[in-house]
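Protein sequences appear in the order of chains U and Z.
Quick note on the numbering used here: the first sequence kicks off at 1 and runs consecutively.
Quick note on the numbering used here: the second sequence kicks off at 1 and runs consecutively.
It cannot be assumed that every hint is accurate.
Simulated pairs of lysine to any residue, SDA-like, Cα-Cα distance not exceeding 25 Å [stated by the list, open to error]:
1. Z:Lys-9 x U:Glu-97
2. U:Lys-11 x Z:Ser-14
3. Z:Lys-213 x U:Ile-129
4. U:Lys-11 x Z:Val-23
5. Z:Lys-211 x U:Gly-134
6. Z:Lys-215 x U:Ala-137
Derived by calculation from the structure, the hints in this document are not laboratory data.
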Amino acid sequence: MEGRRYLDLLKWSLYVINAVMILFLQDYLFVHFKIFGVHPMFAAAVVSSVALFEGALPGAVFGMFIGFVHALPINGGEGYFAFVYAASGFICGAVCEYMFGKRLVTVLLWSFIINVVVTLGYFFFYFFIPGKAGGMALVSTGIPEMIYSSAVTPIAYFPIREVARRLGTEEDEG
Amino acid sequence: MGLRGAEMKKFFGSRAFVLLGVVLSLIIAMSVLSVVFEGTASPVTNALGTVASPFRAVVSRIGGFFSGIGSYINDFEELKAENSMLRVKIAEMEEQVRRSQQALEENERLRELLELSERRRDFTFVMAEIVSRDSSNWESSFTIGKGSVHGIDAHDCVVDEEGNLVGIVSEVGTNWAVVTTVIDSSTELGALIYRTREAAVAEGDFTLMGKGKLKVTYLPEDTVLMNGDLILTSGVGGVYPKELVIGSVTEVEIVEGGAGSYAVVQPEAELDRLTQVFVISSFDIEE
Numbered sequence: 001m002e003g004r005r006y007l008d009l010l011k012w013s014l015y016v017i018n019a020v021m022i023l024f025l026q027d028y029l030f031v032h033f034k035i036f037g038v039h040p041m042f043a044a045a046v047v048s049s050v051a052l053f054e055g056a057l058p059g060a061v062f063g064m065f066i067g068f069v070h071a072l073p074i075n076g077g078e079g080y081f082a083f084v085y086a087a088s089g090f091i092c093g094a095v096c097e098y099m100f101g102k103r104l105v106t107v108l109l110w111s112f113i114i115n116v117v118v119t120l121g122y123f124f125f126y127f128f129i130p131g132k133a134g135g136m137a138l139v140s141t142g143i144p145e146m147i148y149s150s151a152v153t154p155i156a157y158f159p160i161r162e163v164a165r166r167l168g169t170e171e172d173e174g
Numbered sequence: 001m002g003l004r005g006a007e008m009k010k011f012f013g014s015r016a017f018v019l020l021g022v023v024l025s026l027i028i029a030m031s032v033l034s035v036v037f038e039g040t041a042s043p044v045t046n047a048l049g050t051v052a053s054p055f056r057a058v059v060s061r062i063g064g065f066f067s068g069i070g071s072y073i074n075d076f077e078e079l080k081a082e083n084s085m086l087r088v089k090i091a092e093m094e095e096q097v098r099r100s101q102q103a104l105e106e107n108e109r110l111r112e113l114l115e116l117s118e119r120r121r122d123f124t125f126v127m128a129e130i131v132s133r134d135s136s137n138w139e140s141s142f143t144i145g146k147g148s149v150h151g152i153d154a155h156d157c158v159v160d161e162e163g164n165l166v167g168i169v170s171e172v173g174t175n176w177a178v179v180t181t182v183i184d185s186s187t188e189l190g191a192l193i194y195r196t197r198e199a200a201v202a203e204g205d206f207t208l209m210g211k212g213k214l215k216v217t218y219l220p221e222d223t224v225l226m227n228g229d230l231i232l233t234s235g236v237g238g239v240y241p242k243e244l245v246i247g248s249v250t251e252v253e254i255v256e257g258g259a260g261s262y263a264v265v266q267p268e269a270e271l272d273r274l275t276q277v278f279v280i281s282s283f284d285i286e287e
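Start from the sequences, fold in the hints, and give me the full structure.
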């Protein structure tokens with residue numbers, strides 16, 4: 001029992017370190033690699049990867065943490081990101097507990113869905129409704145951001161998968 | 001395959017789920033608070049930002065190393081090509097320098113005219129380092145390592161070392177503040193065309209923000225703008241001091257439908273290369 005608690009503590013510590021490192025590289029390294037004027041955002045990939053392997057409630061709590069960390073360098077939106085990533089982690093973990101295998105394809109799908117929800121919500125609440133940007137901004141920035149952010153999912157997925165495999169309680173099917 | 005009903009019921013009734021619901025409700029309350037506390041950070045945001053501020057500075061320095069790697073990889077080939085091109089240009093420009101001595105003297109007079117510390121003794125500056133930049137694809141802002149305890153308030157104007165307008169303080173914490181730059185889509189301020197002394201409005205545009213530029217609108221009908229025309233702040237409204245350099249015109253575009261025109265402006269401040277800024281914490285409002 002003690003051994004299992006220690007492994008769980010180590011596992012979650014590694015998840016957090018991995019997530020913080022990826023978000024750190026997002027803000028300081030990947031900002032220089034832009035496609036169509038946008039750089040990738042890794043939060044959705046990290047949340048969906050952890051939720052896939054750990055389930056609904058852990059996914060929700062981890063999503064909330066990632067939401068706060070993700071919002072730190074962004075001007076505004078702390079509550080929004082924490083709520084949306086918590087809800088996304090919960091739904092992803094809950095659905096994947098009963099459907100879908102623990103595979104890269106599953107994480108790619110959920111990462112894309114979460115990116116769409118987060119980007120659309122952020123755009124409508126912070127830009128479209130206040131009149132700061134019109135629909136063309138969604139085409140020029142939102143869509144490239146959703147696609148690019150989803151495409152870099154493997155960078156977040158594989159380290160998390162290794163941690164889950166070596167320190168988890170069940171084998172993944174991937 | 002199907003959902004196990006009894007297990008799901010037990011799950012939704014569990015303490016952990018209830019606790020999660022309570023925490024999510026708190027998060028929603030925080031979001032409401034952030035709307036109520038416009039300009040000044042809400043108590044929770046301030047607490048988070050105050051604790052995080054010292055770490056941001058450390059992280060920023062470490063991040064500078066990784067940022068350098070990215071810049072090096074990205075810029076190496078470009079720099080090689082640019083170096084060759086610049087050698088040719090230098091030779092051409094040396095010839096131009098010899099021929100345009102008069103223009104250089106006029107340029108020197110303009111620089112003296114805009115020399116901030118001699119002309120504007122009414123400014124009170126607070127120097128601050130940039131500790132982190134907004135990583136969002138939707139906004140242009142950065143965080144500085146000074147806040148309300150250093151005399152900074154929301155809506156204080158921010159300039160670079162040459163007095164060029166950088167932006168405005170949009171949120172203040174105890175020892176940190178967020179600066180929204182001039183190219184952000186929420187920026188709007190009174191402007192003045194230096195050559196003709198005509199008034200206009202400088203505002204951020206989402207499409208131009210991606211290119212690092214902003215636009216000048218509400219131009220007088222008979223205005224004739226030229227490439228390189230300086231755009232200054234007009235001081236109208238009392239938020240921005242008068243006659244700070246915003247940037248220079250790069251092109252003039254016709255508004256869709258032909259209802260007037262607007263000028264695209266390149267900011268004079270090098271927003272991507274800034275490491276240190278000056279917050280104007282007080283100034284005399286000139287009528």
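These are the hints, each one checked on the structure:
1. For the proposed pair Lys-9 of chain Z and Glu-97 of chain U, the alpha carbon gap of about 15 Å is at most 25 Å, so the pair holds.
2. Distance restraint check for Lys-11 of chain U and Ser-14 of chain Z: the Cα-Cα separation of roughly 24 Å lies within the 25 Å cut-off, and the hinted pair is therefore satisfied.
3. Proposed proximity of Lys-213 of chain Z and Ile-129 of chain U is supported: the alpha carbons are some 23 Å apart, at most 25 Å.
4. Between the alpha carbons of Lys-11 of chain U and Val-23 of chain Z the distance comes to roughly 24 Å, so the proposed pair stays at or under 25 Å and holds.
5. Straight-line distance between C-alpha atoms of Lys-211 of chain Z and Gly-134 of chain U comes to about 17 Å, which keeps the hinted pair within the 25 Å bound.
6. For the given pair, Lys-215 of chain Z sits about 16 Å from Ala-137 of chain U by alpha-carbon distance, which is consistent with the 25 Å threshold.
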